[in-house]
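First to last, the protein sequences are chains D, B, V and C.
According to my numbering, the first sequence holds residues 110 to 255 in order.
According to my numbering, the second sequence holds residues 378 to 505 in order.
According to my numbering, the third sequence holds residues 5 to 590 in order.
According to my numbering, the fourth sequence holds residues 15 to 622 in order.
Any given hint could be a false lead.
As the list claims (entries may be wrong) - With a straight-line cut-off of 25 Å between C-alpha atoms, the simulated SDA-like cross-links for lysine to any residue are:
#1 V/Lys242 with V/His181
#2 B/Lys380 with C/Gln154
#3 C/Lys487 with V/Val139
#4 C/Lys195 with V/Pro71
#5 C/Lys603 with C/Ser556
#6 D/Lys161 with V/Ala565
#7 C/Lys118 with B/Gln401
#8 V/Lys453 with D/Ser139
#9 C/Lys548 with V/Phe120
#10 B/Lys430 with C/Lys47
#11 V/Lys373 with V/Lys465
#12 B/Lys430 with C/Glu93
#13 B/Lys430 with C/Gln154
#14 C/Lys103 with B/Gly402
#15 B/Lys396 with C/Lys548
#16 C/Lys573 with C/Asp617
#17 C/Lys317 with V/Phe120
#18 C/Lys615 with C/Gly605
#19 V/Lys60 with C/Thr362
#20 C/Lys98 with B/Leu472
#21 B/Lys388 with C/Lys348
#22 V/Lys486 with V/Lys508
#23 C/Lys98 with B/Cys415
#24 C/Lys47 with B/Arg422
#25 C/Lys348 with B/Gly402
These aren't lab readings, by the way, just hints derived from the structure by calculation.
Below, each chain spelled out in residue letters.
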Amino acid sequence: MAFEPKIIGFLCNWCSYTGADLAGVSRIKSAPNVRIIRTMCSGRVDPAFILKAFQLGADGVIVMGCHLGDCHYQEGNYKTIRRLPFLRRLVKGFGIDPRRLRLEWVSASEGDKFALLVNEMTEEIRSLGPLKLSVHHEIQQPVAHH
Amino acid sequence: MGKIAIEDLAKIQEAARYKIALRQGAGRVRINVHMGTCGIAAGARGILTAVMKEIEARNLHDVIITNSGCAGLCSQEPMMTIEVLGEPAPVKYVLLTPEKITKIIDMHVLKGQVVKECALALGSERTR
Amino acid sequence: MVTINIDGKSVEVLEETTILKAAEQAGVWIPTMCHSEHLEPYGVCRLCSVEVVRGKRSRIVTACNFPVRGGMTIHTNSKKVQWLRQVIMELMLSRWPRVRVVKEMAERLAVKEPRFPSLERDEAEDACILCGMCVNMCNDVVKAGVLGFAHSGIKREVVLPFDERSDSCIVCGACAHVCPTGHIKVILEDYRGKKPEFTLGPKTPIYVPTLQAVPRVPVIDAESCIHFETGGCEICAKVCEPNAIDYSMQDEIVEIEVGQVLVSTGFDLFDASAMAQYGYGRLDNVYSSLEFESILNSTGPTGGKIVMKSGKEPKAVGIIHCIGSRDTNHHAYCSRVCCMYALKFAHLVRDRTDAAIYQFYIDMRAFGKGYEEFYNRLLDEGVTMIRGKAAEVVEGCWQGNGEPSLKIRCEDTLIGKFREVPVDMVVLCNAIEPRRDSDAVRRLFSISKSPDGFFLERHPKLDPTSTATEGVFIAGCAQGPKDIPDTVAQAGSAAARILSVIAKGEVEIEPVRAMVQEEYCSGCKICNNLCPYIAIEFLEEKKVSHVNEALCKGCGTCVAACPSSAMTGHGFTDAQILAELDGLMI
Amino acid sequence: MAYRTYLMVCAGTGCVANQSMKIKDKLESEIRKRGLQDEVSVVTTGCNGFCAVGPLMVVQPDGIFYQLLKETDIPFLVEEHFVKGRLVKELLYTPPREKAPIPKMSDIPFFADQTLIVLRNRGLINPENIDEYIARGGYQALAKVLTLMTPDQVIQEIKASGLRGRGGGGFPTGIKWETCKNVPSDTHYVICNADEGDPGAFMDRSTIESDPHAVIEGMLIGAYAIGSREGYVYIRNEYPIALERLQVAIKQAREYGLLGQKIFNKDFDFEIRIVRGAGAFVCGESTALMASIEGRPGEPRAKYVHTVERGLWDKPTCLNNVETWANVPQIIEKGAGWFSSIGTGDVTSDAWGGSKGTKVFSLAGKVNNTGLIEVPMGITLRKIIFDIGGGIKDGKKFKAVQTGGPSGGFIPESLLDLPVDYEELTKVGSMMGSGGMVVADENNCMVDMAKYFLAFTQAESCGKCVPCREGTKRMLDILEKITVGKGTEEDLVLLEELSNMVVESSLCALGGSAPNPVLTTLKYFREEYEAHVKDKHCPGHSCRELIQYIIDPELCLGKGHGCHVCAKNCPDGAIVGETKQVHTIDVMKCGKCGICYDVCKFDAIHIE
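Let the sequences and hints guide you as you build the complete structure.
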């Protein structure tokens, strides 16, 4: 069966998570590949989580937050916009294609934009194929030990 | 003169009193120097100046100096008539010289005594 | 107070009031021709001469400016006074035979034919009778000091400086207002950049916005009020008994501590001039819905009479729906209320005039209770409903009497034909759109907006009147176009939500907070200036940071930034998120 | 240097206009030529009042009065009188209808019958020299007031003196000062009204030209009494010499500390500013004058609130005429008793009960001795006109005298024995007014004179109120109709009715008094109006349309032998006749210019 990418989405509670909810309410069809974690603000997303996600086998990570200026906590997304681009250059070092990590602003009213992003990301990761990291092998083995 | 006080008023008044008095034609003594052509020729002008000098020297404020035409006695020129308020008749003095003038002014004008030796006669036609 | 006797009646008045005022109080009429209550008495026409007797002396004085004193007897109609008035009247009538106020006063004083020949130069109906009221008004009240008298004696006349248009004239029209003969005309043309057009606005600088205004109190438009221009006039202050007028009032910024806010900032009307084809702002008699609403309003500029700019009643009225609504170039959404008020307009036009009415609609959305029945009633009343979006409004004159009028071009989809409907007046149903400053307001209350620009409610179905932000509620058209019943319902619900919180006395807040584990904290202070709410302070003695729980909103930014993971966030600890990650990976 | 003789050369406007300044220069040069410059001093003085015989000079201390001087007479005069001491008979004054000249000024009736208070210094002092004013006792009154008298005492003195306004109204000055003083205010103003707008009146001008300091001292005393620190003199711009002399006097007074701060080191400051009138007659009225000082157009306001309460810039203001102010120093110096001993009536009980002191009149018209006279109140018109005035010119018959300028009335011969004072003149329909006195003789047409004065007031009307603006215009139209022979009987009735209306309801005194000339001529000379209306004939022979020029055949042929001079000069070619024949005038063509009447040496032409 075709490769189904696993994408982790970190969504901020006030804008993108509500946008996603709106997409659902508006019955917009979109790919199920993105698995969502809700954080109070996109600023809460620690780069460590993203790396952990890749480590745990995620093929792509997308972080969504409010448009600049809309953040419920005034400046949360300004921190994110400094961390994420830096992180994207960093992951190259781990052999992860930067396109597997994206940062997008989705406001509460942009349900269709959320769906669009999800489909777009899914196709892109599918084209990139599964993420093969040397670390993946050890993980499988210990699991096998149990 | 700058800011004046009330006392200055009197001073100014005093200084100009003679001028004003003359202008009002008020005076106690009237000296009339006869200046007909012959009188002038006989030196009446000098007499007039002398009289004025004497008056000014003594700072008299009530003497009127006038001149008039010839009195008719050309031989006695220069002549002058002195009339004093309250005196019955004017006195005519003749053959005058500056020296006589001072004597006449002292004696007659100031003390009211006629200087006989210089006087021609008592009385003459009224000028007023 | 002093008592005086006027024509046998004894009157008590304040000392120093004029005989004229005392006479008014005693109900005695005294003729005046150069008197106005706004101005100091001028006393030049002398018509108001009366006979005053004090002790044994009687004399003739002018009533308008003679100060009253105790024990005075005044005869306002003695033989001598009547004779004086008659001769003066004859003089005025002979010089100004056709001036209305002069003719009326002459009649009242029974002066028929003047015994003097006319001067053959002031025979116009609006001749100047040299009463001086305009000059005094301009100099003493308005204080612009433009008008004045020139020449003396019989050649005396009122002049502008150098007989030219004066720059210090503030075009207030006070002189024309006070001129008894209409000699002074204010020329309505482009004068110093002020283009006087038929404004629906107020006629005077001080006005009550509308009789339904809350509070129903007059306001002063500082732009056009004489006082703010020259420091003069102040007539409104003089006539206001409770002297409630204080020119020095300024706008004040008032800060009020509140727990919760209901944002019901309403809507803006779509500017129809953006759709040039309808000629709004270009053609006469093309009104927006709100302008037509003010014409219908009985306290509005036309007092409720439906009139065109020319002042005449229209013979035919066209009402065009969906201007700016249901239009991808402007607003895709339907403004919801236009259909119904358009029907109301049609009904009122039918009721107040006998004009033919045409409505151009796409779909008649009579969705509410009793709405459909109203629509059917309108159909019975003979309103022509044309199903088809009006394409264009053009000029045309169809009544053949040279009266300018309009033509509406549209396609009648029901009969599949192209039609050109001749009308006199067009009413556009402008779309309801978010306020121009809604973005700023949104950021102020940190609430977000929906795709059409209105404020975003927490949940479109389950919670339309509150927002994602705690304590901020919305209601009315700020949340989206709606009519009055819906707005009232929303307002009620928002108020109820607010009251319920107030009733509880305290507010539950989510326990999401950041906290410093002092053992791990290395005192690096990275988190200190990170926090937008300055909730993290540095304890000098312990050399560790500490979170002020009251200020912290729990966004977690500091948790992510802490290099030694000393900062944890309740409810969103690292462990919890990582656990979620694990969960997602199977 | 004490001079023995002073030549008091008159430098009033009238004499200056007749070249008296040139005469003065000639005198000085002739005296210098003869070396008499240390004995004889030439002094220019203010107007002596005898304008008819100007330019004139008085030789003091002899008191000899020389008149009608010409520059060419001077060398002979200096030689004759100052060198030889003989009078020059031709230059002396010979009263009309008499042969012998009268050398002494004090013997000339024109001067002898006058009582000088306001004009006491005229001809005696040089007005531009403050010392001469002080020498004549000037500023003693001010010193007395500032040292010995309180403001109230000054006011009581003026009230006791019975002095009344010389501007024309005759309001008791003492009461005016007292009311003004008692009005509480931080500022009081004192004004001297030297506008003197009526034609033929020049009393104020001569008073200021001869003795400006009298006015200044009077204002100082008034200001002290009222408690004012600021005074204005509103003087006509058409009086250049008076204006200049006033400015010089004020400058000198200021130098002597008599104006400015701490006058006589007393706690009294006073400053006088001069405001020049722009030539409007109405600005002689107090409220119009004050409006003019404030820079507003000169229009009167209703005086229901008197200017003593609210005048200049709404502050209490005391406005008096030049002559009133000039009387004040004398009253203070010589006491109220002395002043009230002159004039009529009794003012002890009622301030309006009498007219005290003297009045300066400008005698003009058809009298021989036209000029400026100051006579005691109560003197009869006959004495003024015939004794002082030297009777009617050319022996013509007296017809009427007009007192009070254009606001006054005409008084017929029957009332010549009327004593001149406020009440009497008002009773007969005229008024004291400023003091203009114009004598008319048989050749004056009363209607024409009334028209002349009304034309003046109508032209000077400020136009503010309807009765005066419209009323005087219509009255003038009617008078014009009458003087061209188109007047009707109803016109006379209408004229009288209009006049009474204008008097009763006009806003200010200009309108209130403008009809007086018409009303008095109607009252006393009704028959002349009737003549104009019914027989289209002008008794005074001056209304052009109503007179004819006729040649008397006997005189023309008999004496003139048809000299044809009149025909040659007649502009209209209306005289028919050849030389040596009787000439006749074609009435239709005759333009009534009167040239033939003037050129005919044989008086063959007379007017019907």
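Results of checking the hints against the structure:
{"no.": "1", "hint": "V/Lys242 with V/His181", "result": "18 Å, holds"}
{"no.": "2", "hint": "B/Lys380 with C/Gln154", "result": "16 Å, holds"}
{"no.": "3", "hint": "C/Lys487 with V/Val139", "result": "24 Å, holds"}
{"no.": "4", "hint": "C/Lys195 with V/Pro71", "result": "22 Å, holds"}
{"no.": "5", "hint": "C/Lys603 with C/Ser556", "result": "18 Å, holds"}
{"no.": "6", "hint": "D/Lys161 with V/Ala565", "result": "16 Å, holds"}
{"no.": "7", "hint": "C/Lys118 with B/Gln401", "result": "12 Å, holds"}
{"no.": "8", "hint": "V/Lys453 with D/Ser139", "result": "23 Å, holds"}
{"no.": "9", "hint": "C/Lys548 with V/Phe120", "result": "21 Å, holds"}
{"no.": "10", "hint": "B/Lys430 with C/Lys47", "result": "21 Å, holds"}
{"no.": "11", "hint": "V/Lys373 with V/Lys465", "result": "20 Å, holds"}
{"no.": "12", "hint": "B/Lys430 with C/Glu93", "result": "23 Å, holds"}
{"no.": "13", "hint": "B/Lys430 with C/Gln154", "result": "32 Å, violated"}
{"no.": "14", "hint": "C/Lys103 with B/Gly402", "result": "20 Å, holds"}
{"no.": "15", "hint": "B/Lys396 with C/Lys548", "result": "66 Å, violated"}
{"no.": "16", "hint": "C/Lys573 with C/Asp617", "result": "9 Å, holds"}
{"no.": "17", "hint": "C/Lys317 with V/Phe120", "result": "30 Å, violated"}
{"no.": "18", "hint": "C/Lys615 with C/Gly605", "result": "20 Å, holds"}
{"no.": "19", "hint": "V/Lys60 with C/Thr362", "result": "22 Å, holds"}
{"no.": "20", "hint": "C/Lys98 with B/Leu472", "result": "19 Å, holds"}
{"no.": "21", "hint": "B/Lys388 with C/Lys348", "result": "21 Å, holds"}
{"no.": "22", "hint": "V/Lys486 with V/Lys508", "result": "31 Å, violated"}
{"no.": "23", "hint": "C/Lys98 with B/Cys415", "result": "11 Å, holds"}
{"no.": "24", "hint": "C/Lys47 with B/Arg422", "result": "15 Å, holds"}
{"no.": "25", "hint": "C/Lys348 with B/Gly402", "result": "22 Å, holds"}
The structure fails to meet hints 13, 15, 17, 22 from the earlier list, while all remaining hints are met.
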